[in-house]
Each structure stands twice: as C-alpha cells, then as structure tokens.
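Asks: What follows is each chain in one-letter form.
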Amino acid sequence: MTVVVDRATGKRRGSRAPRPGPLQRVKRAYQKYWYAYAMTAPVVVVLGVLVLYPLLRGIYLTFTDATSLNSARTIGVNHIDATYEFIGLDNYADILWGPTAYDRFWSHFIWTIVWTALCVLLHYVIGLGLALLLNQKLKGRTFYRLILVLPWAVPTFVTVFGWRFMLADGGIINSMLDAVHLPSPLWLEDTFWQRTAAIMVNTWCGVPFMMVSLLGGLQSIDPVLYEAAEMDGANAWQRFRNVTLPGLQSVSSTVVLLGVIWTFNQFAIIFLLFGDTAPDAQILVTWAYYLGFGQQPRDYAQSAAYGVLLLSILIVFTSVYRRWLARNEQQLAI
Amino acid sequence: MSTTTVKTPPPVDGAPTGTAPAGKGPRRGERSRAGALTSHGILSVASLIALFPIAWLIYLSLGPDKDDYLHPGGILGKMTFDNYTFVLQHTPFFDWLWSTLVVSLGTTVIGVLVAATTGYAVSRMRFPGYKKFMWVLLVTQMFPVAVLMVPMYEILSELQLIDNYFGLILVYCSTAVPYCAWLLKGYFDTIPFEIDEAGRVDGLSPFGTFARLILPLAKPGLAVAAFYSFITAFGEVAFASTFMLSDTKYTFAVGLQSFVSEHDAQRNLMAATAVLVAIPVSAFFYLVQKNLVTGLTAGGTKG
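Chains as they are written, first to last, in the working numbering: chain A, 388 to 721; chain B, 30 to 332.
Excised from the complex, chain A in its bound form (with noise of 0.2 Å):
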C-alpha cells in the first residue's frame, strides 16, 4: 500500500530539479508533501475554527464559576459584560470529590458504564443472532432484512414518541401485561423501570445497525473456509467458534467501538423519553445538559466541565481499546 503512495508523490516530486540551500530538507520535505497539506487543509480549518477554538474556550470555561448569572448576555438594549472568575480546578474538585459528588457524579457515572455495557452487549449478541440467521439461504431472507432495518431507518426523535405511547401508564404495553395478568410497571416513573425502558428503547434502535454490519462481515468471508472446516469434521458450534468469530473480528472491533461511543453519548433517547421527570435515571451525557441548560441559572462551568470528563473518559478508553487490539494483533477498520 505504502509503496503505491510513494510511487504516486515521488512522481511529481522527480520531476522537479532538487534546490541548493540550507533549507532543502524542509523545502523537499514540504514539495513532496505539498499535496497533502494543501488537500487536508480545509478540514484543518474547519477543526480549528469550530472544534478546537470553542474546544479551548469550554476547557477555560470549566476553571471559572461560569453561571446564566454572570455571562456576557443582552437583556433589552442593555449589554452586560461577563463578570465571572478564575476560580482554577474547584469544579473538578468539586464534581468528583465534593460534598454531592455521589449523587451528582458518581452516581450517573455508575449507570452510565452499565447503561453503556448492557447496551452494546445486548446490540452486538442480538444483531449477530439475526445477522447468522439472514445469512443462510432461506425463502423471503430479504424481506426479513428490509423490516429488521426499519428501526434504523426512521428518524430517532419519532421512535422515541412511539415508544412513549406504548410505555405510558395506561399504554399498549401495560395492557397486554395486564391482560396475561402480569404485573404492569411505571415504565416513565420509578427509577429502576426508567432504566430498563431506556435500555429496551436503545437496544431496539441499535440492534439493526449491528445486524447489517455483521451481515456484511459474514459475507465476506470466504465459504471454502466453511468447507475445509467441515472436512476436518468441525462441528457447527466449532465453525462458529474458529470460522465465522475470527473472520468477524475486524467488522466487530470497529463496530463495538462505534456502539460504545454511540451509546455513552446517546443524548437523544434519554433526553426524550423522560425530560426532567427522571433524575436518577439520566447518563451523564444528559446530566451535563440539565446542569447547562435544563436548569435556572445555569451552571455553563460544572456543564463544561462534565463534556470535559465525559470526552476524556472517552479518549481513555479508545487508547487503551486499540491497544488491547494491537496486543491481539488486530486492527480497527478505521
């Protein structure tokens, strides 16, 4: 692959006579490069001026007290300036080892890992399950396929309003339970049901995308495996185990990484299934947003400081994800 680039670049760099000067390595460096740069430079602009700037600013922004109170706002005509202050790592402090620190923090931070573990679990074994099964030939597979996608396909912000209906109390999942005479629970009050709904809602929205995409890995790997397996005799259960899961691996590492990512942060369904009536059954995605913006005044500094926590939560996790792939000699299809 490297060669092929090489070859391409060193085409135009070959063509040019080499300069004297002192400063021919950075000048070659930069002729042979010059490509590249000029052809990434948009997105660099764009990174800058609209990640890393308000990216820099929210990080300064979480060393200060900032409130709706003392920012820079217009009321009527009237321009007041911002008057909040430097106040260094006290809202780190105080988030992680504050007096609330376990009913603000720690607490959401719990159900956060669980939410996000349970979540692509449940997505990934469920998606492979029907992944397996579309890839066998049988009658009518690609009508399966085109409803079992139907839950990707429309928008999230309507899947949520449908499941809301279904929830409510009186709703159509309450009936039918009641009818099997089952007990019919607070699906959108008590906390522990908040929970379990929350994580039905996001496994039902999720499952597809694991599906078509492990589909898609199982199809690409190779069918004479399948049959030298059988040869030797392997059983499904042993073809399962050292044919399909090793031929899976690289479509599966990428898609848990997405899933992850995806799911710690799912603002969405949280957001729209429960508003503000659920405290304790907010991620910490929604909780930074009620502290910014879902609350009077608003704690723009402890808000800031949440993104900040929650984004190197994150980036901890990629690190240690891709090196733990290394180790195993895999690699992530990115």
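Since the hints were made in silico from the structure, they are not lab data.
Cβ coordinates follow ideal geometry from the N, Cα and C atoms, glycine included.
Just so you know, not all the hints are guaranteed correct.
[Unchecked claim] Pair ranges (Cβ atoms, derived):
id: 1; chain 1: B; residue 1: Lys160; chain 2: A; residue 2: Gln411; range: 22 to 32 Å
id: 2; chain 1: A; residue 1: His466; chain 2: B; residue 2: Ile224; range: 49 to 59 Å
id: 3; chain 1: B; residue 1: Glu226; chain 2: A; residue 2: Ala428; range: 21 to 31 Å
id: 4; chain 1: B; residue 1: Pro221; chain 2: A; residue 2: Asn622; range: 38 to 48 Å
Add chain B to chain A, keeping to what the hints say.
Replies: Same frame as chain A, but now just chain B:
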C-alpha cells in the same frame, strides 16, 4: 442472490447439519425443515418487534382524540385522517419542514464539499502527521454534546447567531465534517490505486487525478456521506432545542416536542406529525440502505 430455492432435504428431525457423515447429509447452507422453521420463527418474531412500534404509531395517529392512545380499541370505530389535515393546515408544520431542510441540507453540502479532498488525501498519501490527523478525526467522533455546547452557545450569542439557521449549520459542521472525511476515506480506499497511477502516468497532478478520475468513481461514496450527514443533522435534538428559540424555526426534532407541554398534550397531533416525518425519511433510507454500511465498515470488510 436472495431466493435460490433450495431443495429441502428429507427432514432429519432437527439434527444439526454437521452430524451426518460428510457427503451424505444436507450440504452446508441447506437446512433441515425444523431448522428452517426455527429460523423463520425467530425472524418473524424479531420482525414483529421491529415493526410494531411504528405500526402502532401509525394506528394511533388515526384516532381523533388526544387520549385515544390509552383506549386503542376505540380508534377502530372512528378512524379518521383529521389529525393529518389539522397538522398540515393549523400547525407550523411547513415552517418546521423548511427549517429542517435548510439546516440539514446546509450541513450536508458544506460537510461533503469540505471533506472530499481530505478523505482522498488520507486514503492515498502518508504524510507526516497522518496518524495524528486520523486520531483527531476519530476523537471528534466521540465528542459528547456537552463538551461543545456551552462554548458554542457563548460564541454564537456573541456573534448573534443564536436562533439563526447558519449558526446551527456551523454547529453541525463540527461533527459532520470529520464524519464525512472519515466515511469518504473508507470509500476511497476501495477504489483501486492503479487508477491513480494511470492518471499520474498520463500527466495529471494529484488534484487532477482526484477531480477527473476519482470523484466520478466515488459518486456512491459521496452519496452515502451526504445521506449520513443529512440524517444526522435531521435527527439532532440537543443543539437544535437549545439554539433555536422561535417556534417557527424549530426543526422537526424540536417541534414534535412542542405538542406536549405541561398543560396540554396533543398526542394525536404529535403522532400524525411523527408519521408525516418518518415516512419520507424511511422511504429515502430504504433507497440507499444497501450502500450505507459499506460506507461505515468498508475498510473492515475488505480487510
């Protein structure tokens, strides 16, 4: 490729395929009747679960009264399209449609335009800083809404861009641009490098190769990136509900919530609007869905 009818082997009473001696039993890929029945059973149940919430939403949207969702049986006798006509005539539905389209299409166009050359560069060239750059692209995928929300809010209000379509487009570009670059890299990777070489031999510059040879070949990939950024912007909730203040500028994701306030919940209208939004988007999704996954996992499946 889907339905090559397989001659069903004589039923083996649910014995899994591998147990019979090689060559005599059913071949791999063929199933015993019981196995096929089980598969059909599981897939049917799964399909039902996938289908039901949406079907239910459509059914509820036909009930005229706002509390009909609690007595679904009653809807059968009085089905009507009144909710739909009401939504189209007496609510800001078309305002919301306009906002949603402006914001989503704006994000899509900027995202794809800006990201295309970058996707090509990271697919073909190994320049110093390449690894760090890819890492940055990956990290921007994991930005939680909370991390940029507060500073973005500050910056946009300084620039007077709160409650402004352009402001929201800028915000979405912060996720759409790296996203598109990443997707497009995956797609460009699947285009043979020999094509680039041929172009270079014929005297094209890297830009020329990209514009004349690769871009036309990459149309499906560009379409996937465009569609992905479109639905991402279309369905975004957090920024849209915080940065858009006037109810005529709501996107659908926000407007739909406004049917349920503390005092009044017009659930029937909400259901009808949800259906009106979901049907065209889902239809469009089905048209492109085959290409969607390749976009995300192209590198993965090709090894």
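Asks: Taking the hints in turn, state whether each one holds.
Replies: These are the hints, each one checked on the structure:
no.	hint	verdict
1	B:Lys160 / A:Gln411: 22 to 32 Å	26 Å, holds
2	A:His466 / B:Ile224: 49 to 59 Å	57 Å, holds
3	B:Glu226 / A:Ala428: 21 to 31 Å	24 Å, holds
4	B:Pro221 / A:Asn622: 38 to 48 Å	40 Å, holds
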